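Novice: This is what each chain is made of:
Protein chains: 4
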Amino acid sequence: MLTIKRLDVKDARLLIDGAKAKAEEIGVPMCIAVTDESSNLLAFERMDGGKIPSITLAIDKSFTATGIRKGTHELGEANQPGQPAHGIASALGGRMMVIAGGLPIRIDGEVVGGIGVSSGTPAQDLEVAEAGIRALIETQSSVKN
Amino acid sequence: MLTIKRLDVKDARLLIDGAKAKAEEIGVPMCIAVTDESSNLLAFERMDGGKIPSITLAIDKSFTATGIRKGTHELGEANQPGQPAHGIASALGGRMMVIAGGLPIRIDGEVVGGIGVSSGTPAQDLEVAEAGIRALIETQSSVKN
Amino acid sequence: MLTIKRLDVKDARLLIDGAKAKAEEIGVPMCIAVTDESSNLLAFERMDGGKIPSITLAIDKSFTATGIRKGTHELGEANQPGQPAHGIASALGGRMMVIAGGLPIRIDGEVVGGIGVSSGTPAQDLEVAEAGIRALIETQSSVKN
Amino acid sequence: MLTIKRLDVKDARLLIDGAKAKAEEIGVPMCIAVTDESSNLLAFERMDGGKIPSITLAIDKSFTATGIRKGTHELGEANQPGQPAHGIASALGGRMMVIAGGLPIRIDGEVVGGIGVSSGTPAQDLEVAEAGIRALIETQSSVKN
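Chains as they are written, first to last, in full-length UniProt numbering: chain A, 1 to 145; chain B, 1 to 145; chain C, 1 to 145; chain D, 1 to 145.
If you are wondering where the hints come from, they were derived from the structure by calculation, not from laboratory data. Please read all numbers here as calculations on a predicted model, not as lab measurements. A couple of the hints might just be wrong.
[Unchecked claim] When the alpha-carbon atoms are kept at most 20 angstroms apart in a straight line, the in silico SDA-like pairs for lysine to any residue are as follows:
no., chain 1, residue 1, chain 2, residue 2
1, B, Lys10, A, Asp48
2, B, Lys10, A, Ile52
3, B, Lys10, A, Val28
4, C, Lys70, B, Val28
5, C, Lys10, D, Lys5
6, D, Lys5, D, Arg134
7, A, Lys70, A, Val28
8, D, Lys20, D, Asp8
9, C, Lys10, A, Thr3
[As the list claims (entries may be wrong)] Sample of chain C residues lacking proximity to chain D, with all beta carbon distances greater than 12 angstroms (derived):
no., residue
10, Gly82
11, Pro84
12, Arg134
13, Glu138
Built from N, CA and C at the ideal position, the CB exists for glycine as well.
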């Protein structure tokens, strides 16, 4: 039997609220998804003005980043022509996301879930995802101290 | 040109928080989805202990109820053998939900979105969805007064 | 943060070997799937003579039973005409299995995974799934003593 | 009428156990799938720590390699821009795998099944798939002698 650590729904709200604060700061309404460590959806929010295809893009970015335990932008590099994972983007019916904006979340070295952001440029999506994780980590740290 | 009334993300939070309060009261952790008037996902939350298949069930209940502008339990009655819509459950690749727990949300007679709840019995799912809508309506009323 | 208990791959082999022993005893080659507590596939075996559609049926029975934390035969009863979940069989693109042969696995009251069996009659599938779980539980008990 | 040679479930266990031994040696927990000569799943195992998207990636690598009777890395080369099969990766709803780690299994010149491995780098996945086949071939040879 294994024992697994997993984000709870309060963690998910911290992630989404942290991401939203950054999205508002840069003026880009985003779709934001959070998955648990098994890549299953935990929470989602489409800010007013978030894009419709980005609903699925955000969910799938979070699914992918959690599952491969890497940022989706890293898979994007491996998916470029000439690279060994070129073509992986269409695997799993197209759920494998190779665009920046999906990040795994590590606590004490373990992947406990992930976040996916979509509606801006890939760089903006990534920036907002990072802000979400930072908000979670800061709260975790202040709880411990 | 049309002008459409649509839930915003703050309405979605009121709906989810109202639904969660009832879910906690009856002791059943739920998956709760909110869609806008176009049946597109606006917000989602899986309470700790919510069921994995219920992620999709909740989203599809909200999708269906918003789209048909009726509760999914009403479509469920029409889907029973001998009824005119028998078999509709498998339409749209199975997205048409015929189990109680999905409700459209009407403001001033217009459907502005929907809510879908899953993880409990159909009766519990419906009760929690109704509580979500009540929380939204009460806040709307108090804002107007 | 949550802490979750989950089947490991050794547990999965005990489940499959226990199920296979019963399948051989009753002379029905089976497809046998094991999912973890998040309904993700952990192990699968198609015995020689197991049926091709049963590959997916077994996987989806295990997915469903784990997810709803009930036997698929119980969902089958709720899916009968006139019952409140009639029509749920086609949800999730048809992954919701309502035929006997899928069972959740509880250790100390918690669902840690599931097993799904297909190729025989529903009663045979259920009997073989139960035998798999028995084999796991017996080994767990002997380890503790 | 045709007579077909096909892996049996004991062969599948040899393949998986051989692959697992190599995966443990290189310290990368893998998802390992075996398909029969008709590309249908015969056996699957996700080692503890294997990745969730790799469940489908491993199954689809085995499906593809068996079906095209070539390694998935060979299809990967043909899928590169400028090559005649560029774009095949998204065929069959994305099931055509173009990443290393899927291999057909030939006995006496005939394809009798395949193996697919995923969770590591493409090179690691291929190495582990090769080790699985080697374990099968060695056992086959020692049985004959």
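Novice: If a hint holds in the structure, say so; if it doesn't, say that too.
Specialist: Status of each hint after checking the structure:
| no. | hint | verdict |
| --- | --- | --- |
| 1 | B/Lys10 <-> A/Asp48 | holds (9 angstroms) |
| 2 | B/Lys10 <-> A/Ile52 | holds (18 angstroms) |
| 3 | B/Lys10 <-> A/Val28 | holds (17 angstroms) |
| 4 | C/Lys70 <-> B/Val28 | holds (15 angstroms) |
| 5 | C/Lys10 <-> D/Lys5 | violated (31 angstroms) |
| 6 | D/Lys5 <-> D/Arg134 | holds (19 angstroms) |
| 7 | A/Lys70 <-> A/Val28 | violated (24 angstroms) |
| 8 | D/Lys20 <-> D/Asp8 | holds (18 angstroms) |
| 9 | C/Lys10 <-> A/Thr3 | holds (14 angstroms) |
| 10 | Gly82 | holds (36 angstroms) |
| 11 | Pro84 | holds (32 angstroms) |
| 12 | Arg134 | holds (22 angstroms) |
| 13 | Glu138 | holds (22 angstroms) |
Violated hints for the displayed structure, listed by number in ascending order: 5 and 7.
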